[in-house]
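S.K.: With the sequences and hints as input, model every part of the structure.
Number of protein chains: 4
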Amino acid sequence: MDEDLSHVRRMWADDRASRELGMRAVTIETDHAVVTMRVTDSMVKGHDIAHGGFIFTLADSTFALVCNSRGALTVAAGADITFVAAARRGDVLVAEGIQRAAYGRSGLTDVTVIRESDGALVAEFRGRSRSLSSGAARA
Amino acid sequence: MDEDLSHVRRMWADDRASRELGMRAVTIETDHAVVTMRVTDSMVKGHDIAHGGFIFTLADSTFALVCNSRGALTVAAGADITFVAAARRGDVLVAEGIQRAAYGRSGLTDVTVIRESDGALVAEFRGRSRSLSSGAARA
Amino acid sequence: MDEDLSHVRRMWADDRASRELGMRAVTIETDHAVVTMRVTDSMVKGHDIAHGGFIFTLADSTFALVCNSRGALTVAAGADITFVAAARRGDVLVAEGIQRAAYGRSGLTDVTVIRESDGALVAEFRGRSRSLSSGAARA
Amino acid sequence: MDEDLSHVRRMWADDRASRELGMRAVTIETDHAVVTMRVTDSMVKGHDIAHGGFIFTLADSTFALVCNSRGALTVAAGADITFVAAARRGDVLVAEGIQRAAYGRSGLTDVTVIRESDGALVAEFRGRSRSLSSGAARA
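Chains as they are written, first to last, in my numbering: chain A, 1 to 139; chain B, 140 to 278; chain C, 279 to 417; chain D, 418 to 556.
One or more hints might be untrue.
To be verified - Derived CB-CB ranges, DEER-like:
| id | chain 1 | residue 1 | chain 2 | residue 2 | range |
| --- | --- | --- | --- | --- | --- |
| 1 | B | 179 | A | 29 | 27 to 35 Å |
| 2 | D | 421 | A | 29 | 40 to 48 Å |
| 3 | D | 447 | B | 152 | 43 to 51 Å |
These are calculated hints, taken from the structure and not from any lab test. All of these numbers come straight from a predicted model, not from anything done at the bench. Quick reminder that beta carbons are idealized off the backbone N, C-alpha and C, glycines included.
M.R.: Now the structure itself:
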């Protein structure tokens, strides 16, 4: 991958929220990213079940890496998530995002969240993005 | 409102994640709830903009109160969120959820998130729920 | 309602697809529309159940009236539909659309589809729109 | 593919709506289907642009083939569609559906709609299904 992704790495470094949740960006490539996060004590509701909001947040952070990878400053316009199985305290979650479509200033990114230990599917997310600049606007 | 909502209040008391994010359940009624949350330093990405995941999480917590208000144990099957405007560090967000439809074991709940200071719309959320028990199963 | 809606009425007159499906625009107002359609023999799958695509199409036509009512040429960027109950051959369906949010060139419109005979809920639809012009561009 | 798909072929034969729209099921396999449809005069709004409802209907028919392919009677619970580019009168559209997830009685199916002549992306659809029987209920 010869493309320069330093702008995305900088964006990630500035993302205090994702960092404080313990997320790790394992892979950052053009149109593709993998992020992991452990379900901590602070992320659970009753019965040690992870609050769905944190699963969404993991997917949303992954989505941001993917949709910004081509250089234009891009924001989330919206997203849909389907919760497939509960995640539990201590589970390590792995989110993999792939750009599905890009057209004009719009884009769609699919993110799949699985449990690392056994690969079980936890959630499917589809994010809708809008670029604010017209691309190639890499700092 | 003469309905007994003690089961939902107990569920909320058990929700450590929402509590640690500083959420306050201002209103809990049958098919209706209002929850507030301040955007803290830990919830922002670069430029003091709130990570969308926390806005979703606020809406999702509100959704849980609404869809569980009639007594059957109910979980989020999925949700769609549209981000209308950015929230910033220090903003107090107000999420109001109303049940839109209930049929069989399924339900739809709409949650609107606004900024408290000026009422500006921040996000619109629609949650899809599934009851695990057949209702009236109030503990 | 003193606003001039002639551009929307013209758009509706040009919409051959909606007309051939037998849709009738009962109400056309700013940010609000009601359209009816009878489920014909050509709209059913096995067992006299309406194909969900026609329910979506009715909601989508209603959405177009709503999101174009303020004059800017506006298109559907996407939509989500939840099917609540089956519609059957001969049922008259009533779709009512209301604009829920408008921001920049984007908008959200909620459309509820019911069965006319008993008011039973058939589907809930949320459409996402984008204006191509910057408003006020009424022909 | 040694699986018996006669029940899906029968379902398709009973689907009068899809047939009258000129749809052709080109491929029917387990968890996978391809359906084509030409945009006719009756499917256009002004300016020879296809009404989005017919694009949804094509995707929805493809979704039904996919989510019923394993034998349990399965219905659409809902769907989200993103419209990427307009289709025009005379265009032949090709919808390809693939099951993305199956869990309990629920499932997710992704359908991509392209224009046959040049492969241009027209729409992305994600359908949510629910089985009414517990599988293996093949007639």
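S.K.: Are residue 179 of chain B and residue 29 of chain A spaced within 27 to 35 Å by their CB atoms?
M.R.: Hint holds: Cβ distance 32 Å, inside 27 to 35 Å.
S.K.: Using the Cβ atoms, figure out if residue 447 of chain D sits within 43 to 51 Å of residue 152 of chain B.
M.R.: holds, 47 Å
S.K.: Given the hint of 40 to 48 Å, is the C-beta distance from residue 421 of chain D to residue 29 of chain A inside that range or not?
M.R.: This hint holds: roughly 42 Å between Cβ atoms.
Checked against the numbered hints above, the structure breaks none of them.
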